[in-house]
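For the record, the sequence lines run as chains B and W.
According to the working numbering, the residues represented by the first sequence are 12 to 390, in order.
According to the working numbering, the residues represented by the second sequence are 12 to 390, in order.
The hints are simulated quantities; they were obtained by calculation from the structure and are not laboratory data.
Incorrect hints may have been included.
Note that the list lumps identical chains together, so a pair holds whenever it fits in one copy or between two copies.
[As the list claims (entries may be wrong)] Derived lysine-lysine pairs resembling DSBU-like cross-links, with alpha carbons at most 35 Å apart:
hint : residue 1 : residue 2
1    : Lys384    : Lys161
2    : Lys84     : Lys375
3    : Lys334    : Lys191
4    : Lys359    : Lys291
2 protein chains.
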Amino acid sequence: MTEERPIVTPWQVTGRVDYEKLIEQFGTEPITGELLGRIERAAGELHLQLRRGVFFSHRDLGWILDVHERGVKFGLYTGRGPSGPTTIGHMVPWIFTKYLQDKFDAKLYFQLTDDEKSLWPPPGMSLEETRFWTRENALDIVATGFKRGKTLLVADTLCARTLYGMAVEVAKHVTYSTVKAIFGFEDSANIGIIFFPAMQAVPAFLESRLVGKNVPCLIPAAIDQDPYWRMARDIAPKLGFFKPAQIHSKFLPGLLAGGKMSASIPESAIFTTDGEVAAKRKIVNAFTGGRATVEEQRRLGGDPEICPIFQYELFLFEPDDAKLEDTKRRCLGGELLCGEHKEALAGKVAAFLRSHQERREEAKEVLDEFLVKDEYFSK
Amino acid sequence: MTEERPIVTPWQVTGRVDYEKLIEQFGTEPITGELLGRIERAAGELHLQLRRGVFFSHRDLGWILDVHERGVKFGLYTGRGPSGPTTIGHMVPWIFTKYLQDKFDAKLYFQLTDDEKSLWPPPGMSLEETRFWTRENALDIVATGFKRGKTLLVADTLCARTLYGMAVEVAKHVTYSTVKAIFGFEDSANIGIIFFPAMQAVPAFLESRLVGKNVPCLIPAAIDQDPYWRMARDIAPKLGFFKPAQIHSKFLPGLLAGGKMSASIPESAIFTTDGEVAAKRKIVNAFTGGRATVEEQRRLGGDPEICPIFQYELFLFEPDDAKLEDTKRRCLGGELLCGEHKEALAGKVAAFLRSHQERREEAKEVLDEFLVKDEYFSK
């Protein structure tokens, strides 16, 4: 792994991330055993991403469980910056969000920030491009299996009449000094991206505005997005809304050494539209936690902690905890070699892609039911 | 008059304004006799606000006349910040814009910046309030007599789906440093008002986007708004649009000593909804260019240059140049006393208000034809 100092901002995740330190840095709370117990009682079962600490940090999750226990419904909100094809890494929090939607029968707002991706990082894409990726990514979101009629995909420039007015209300309470401190903007930043945090705050309050009373909101997302909603939380009381609660995931590591997977380095990530051959090639060529030689690996064992192959299983592809534990034991013991492990993962990924791609095709038929327009909010 | 250094920004006009110096400061061009001749030939007649130098400065007006002479249509764009009742001062450029629309058969975009007035100056109004004033001001705009079907009143939060996307395209090319330099923002400014200059640029390009080819645009407005469109002019070529041309007016002085008329100081301005009695009271109590005593005034004469009563006649209420000249001569010669002059103006203002208020009532019937929504642009 790289020795660089890890950087975690909404735009960049590099280096080996110390998640405990991140909890301290960001000022969030770890998900305790007590909280896991409460989720299990409420939901009936714990998602593997909770059992395995993929979702590891939160803000006000206890409050969300309190309101749920009092019989009050909460809403969900997550998002995606549509700047390229969907990777399997993007789907980690989506799959978890689907679990929450299913178990808590929750309405979901899914923001697609076509404006952001046109504004940042410079020079940004054209809006035409980000709108293209909005529809492409939306197919993957729908294919994740979210509920029809309870899931609104909100693309910023398609719902701007609804979002912009509320963003103005948010923006009124946010100074340039504040966004500079939170996001590290410099004066050379464009005025669109400076305003954008106000747009990203809005979906946390949208359901409350729509129904005319306060609805608690839980945001499942990778922890790098926390700064946006920390800002939203500061503003919420000033507008008379509840502070949105959050539950934060770790990053699925990229297939190459170091960093999270990135759509801009095709070999670092498996795209949801990859064919079986391409996906297998990427897995076969992946960085692992293995040793330089077979002999050494038999003797010293591999390191599953830093191995994307193992992490893919842990995050997504091995539902059975006992089997995962066994894989880990065999890796550490030098019994399981990387080639064999890659072969096994490639099979699971191929099966996942086949069924995802089928659902993705079906999603084309219903996309416009999910991808709402302003009219949904003004009726 | 006050001796303070005059300040002219989009938010503030105070002190005695030296308009020649303003042309230098802002880097605009004076309207020459040659240009006036060209306008007269093209329009058939010169509006009194041109004959009398109320519109005195411009950017690229010659180019607009060139394209007109080649038979190409240009569009018009002006605006209003809906933060209170309309004053007669607000109507100065509107009345001139109507002249341009009539003579050049031009389509007009009239922006109502309900977002801006909610954002600035702090603490700003609620959007509910600025939307209320949007409709109130819109009645006065319609009552000015703009053409049905050729006049679009575009309120920012009502047309945000159309405006926000284009504003993002503009914003991409505008850094915080730039708006800081142009508008003097400090880091304590909110991120909404920092983004707002991008929203104000958009209507200059809206017709071009709507029809899918470049349409020249002329912006008639008071000169304090020049910085916004100077910025729009810088960005235009980067987006493939023509730079909007501008024609700038002076400010109708307030009825009290110093400064422009302001809706926030009711006695300084006549509202379009004032009754005859209220309007007359404001005129009778007005500051004038008169002397301390009748005897002194008979001897030394008045000063029409600094007198709002005379300026009201010059800007709006005396269509006959010879009569205006005669009034000036009689004022300067000590023949016309302020009381008599006020009486005469009050009569003209009362007649104007009566007929404006009738048209304002009729405007209620057709308001929604003028005040467009996003649907107009997406059909």
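Hint check:
1. For the identical chains of this complex, Lys384 and Lys161 are neighbours both inside a copy (15 Å) and across copies (28 Å), given an alpha-carbon limit of 35 Å.
2. Proximity of Lys84 to Lys375 under the C-alpha cut-off of 35 Å is restricted to the intra-copy arrangement: shortest distance 30 Å within a copy versus 43 Å between copies.
3. Taking identical chains as interchangeable, the C-alpha atoms of Lys334 and Lys191 are never at most 35 Å apart, the minima being 47 Å within one chain and 60 Å between chains.
4. For the homomeric pair Lys359 and Lys291, the shortest alpha-carbon distance inside one copy (10 Å) is at most 35 Å, but the shortest distance between copies (85 Å) is not.
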